[in-house]
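S.K.: Spelled out from the first residue to the last, the chains are:
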Amino acid sequence: AQSVTQLDSQVPVFEEAPVELRCNYSSSVSVYLFWYVQYPNQGLQLLLKYLSGSTLVESINGFEAEFNKSQTSFHLRKPSVHISDTAEYFCAVSPRRGGADGLTFGKGTHLIIQP
Amino acid sequence: EAGVTQSPTHLIKTRGQQATLRCSPISGHTSVYWYQQALGLGLQFLLWYDEGEERNRGNFPPRFSGRQFPNYSSELNVNALELEDSALYLCASSRSEVKAFFGQGTRLTVV
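These protein sequences, in sequence, are chains E and V.
Those letters in the first sequence? Residues 1 to 115, by our numbering.
Those letters in the second sequence? Residues 1001 to 1111, by our numbering.
Pulled out of the complex, with its shape left as it was, chain E reads as follows (with noise of 0.2 Å):
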């Protein structure tokens, strides 16, 4: 079984300034990792996700996370935000023999940009 813990609620930062979004996941397999963002009155869409290779993965848009395997942990950054990037983000984990049925999500963080 895997679980989620985004140990924000609510994140409240001004217009371009930076912003890092907390993930940790506890699983007794390996896993894959995903950051899905929540625009309002919106589905889910993938923003960026973790399957192999480089532990640092980037989004379009400027987001970047890092798999920190050892502190178990896949925390959200940018760099500077914009308040286009108000939302709801969620992170999610699922075991490697794949499936969405077995995505589990955290909680979510509500991102609040203030000009």
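What the hints contain is simulated information worked out from the structure, not anything from laboratory work.
The C-beta atom is built at its ideal place from N, Cα and C for all residues, glycine as well.
Treat the hints with caution; some may be incorrect.
[Stated by the list, open to error] Quick list of the computed label-pair ranges, beta carbon to beta carbon:
| no. | chain 1 | residue 1 | chain 2 | residue 2 | range |
| --- | --- | --- | --- | --- | --- |
| 1 | E | Ser70 | V | Thr1109 | 40 to 50 Å |
| 2 | V | Phe1060 | E | Ser3 | 13 to 23 Å |
| 3 | V | Pro1008 | E | Ser52 | 35 to 45 Å |
| 4 | E | Asp8 | V | Gly1016 | 37 to 47 Å |
[What the hints assert, rightly or not] Computed list of chain V residues with no C-beta within reach of chain E, every gap over 12 Å:
| no. | residue |
| --- | --- |
| 5 | Gln1018 |
| 6 | Ser1027 |
| 7 | Gly1052 |
| 8 | Arg1063 |
| 9 | Ala1092 |
| 10 | Val1110 |
Got chain E; can you put chain V on it based on the hints?
M.R.: Leaving out everything else, chain V in the frame of chain E:
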């Protein structure tokens, strides 16, 4: 390419009624997944259908059921609605085992 589409976007039902939610996957995707996003509970896996068969279900009572049609679209049925069934129900589809695409959800309100 059209994404995952869900209907209706909003649904209001009274306690004890039945609700039917629909999902059309991305063309070429054979797997459909249902998730419940209830306030304060996060995203919970409900059901997984692939090639018309139920492959797995989450920890939900039997009054949550569904099916997948030959065109890979899917229905989620919730019988004997309870107030705590009020939630956003998200459908996702995938072709590979790893990457899933989500729809915008159906907001079910039980009064």
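S.K.: Now look at each hint and say whether the structure bears it out.
M.R.: Do the hints match the structure? See the list:
1. Separation of Ser70(E) from Thr1109(V) is about 45 Å and conforms to the stated range, judged on CB atoms against 40 to 50 Å.
2. Taking the beta carbon of each, Phe1060(V) and Ser3(E) are about 18 Å apart, inside 13 to 23 Å as hinted.
3. At about 40 Å, the CB distance of Pro1008(V) to Ser52(E) agrees with the hint of 35 to 45 Å.
4. As the Cβ distance of Asp8(E) to Gly1016(V) is approximately 39 Å, the hint placing it in 37 to 47 Å holds.
5. Listed as outside the interface, Gln1018(V) is consistent with that label: its C-beta sits roughly 24 Å from the nearest C-beta of chain E, beyond the 12 Å cut-off.
6. Interface exclusion of Ser1027(V) from chain E stands, the closest Cβ pair being 18 Å apart, more than 12 Å.
7. For Gly1052(V), the non-interface assignment is confirmed: its Cβ lies about 16 Å from the closest Cβ of chain E, beyond the 12 Å cut-off.
8. Distance check on Arg1063(V): its Cβ is at least 19 Å (rounded) from any Cβ of chain E, clearing the 12 Å threshold; non-interface status holds.
9. Once the 12 Å rule is applied to beta carbons, Ala1092(V) is inconsistent with being away from chain E; the minimum gap is 6 Å.
10. The beta carbon of Val1110(V) sits about 20 Å from the closest Cβ of chain E, which is more than 12 Å, so the claim that it is off the interface holds.
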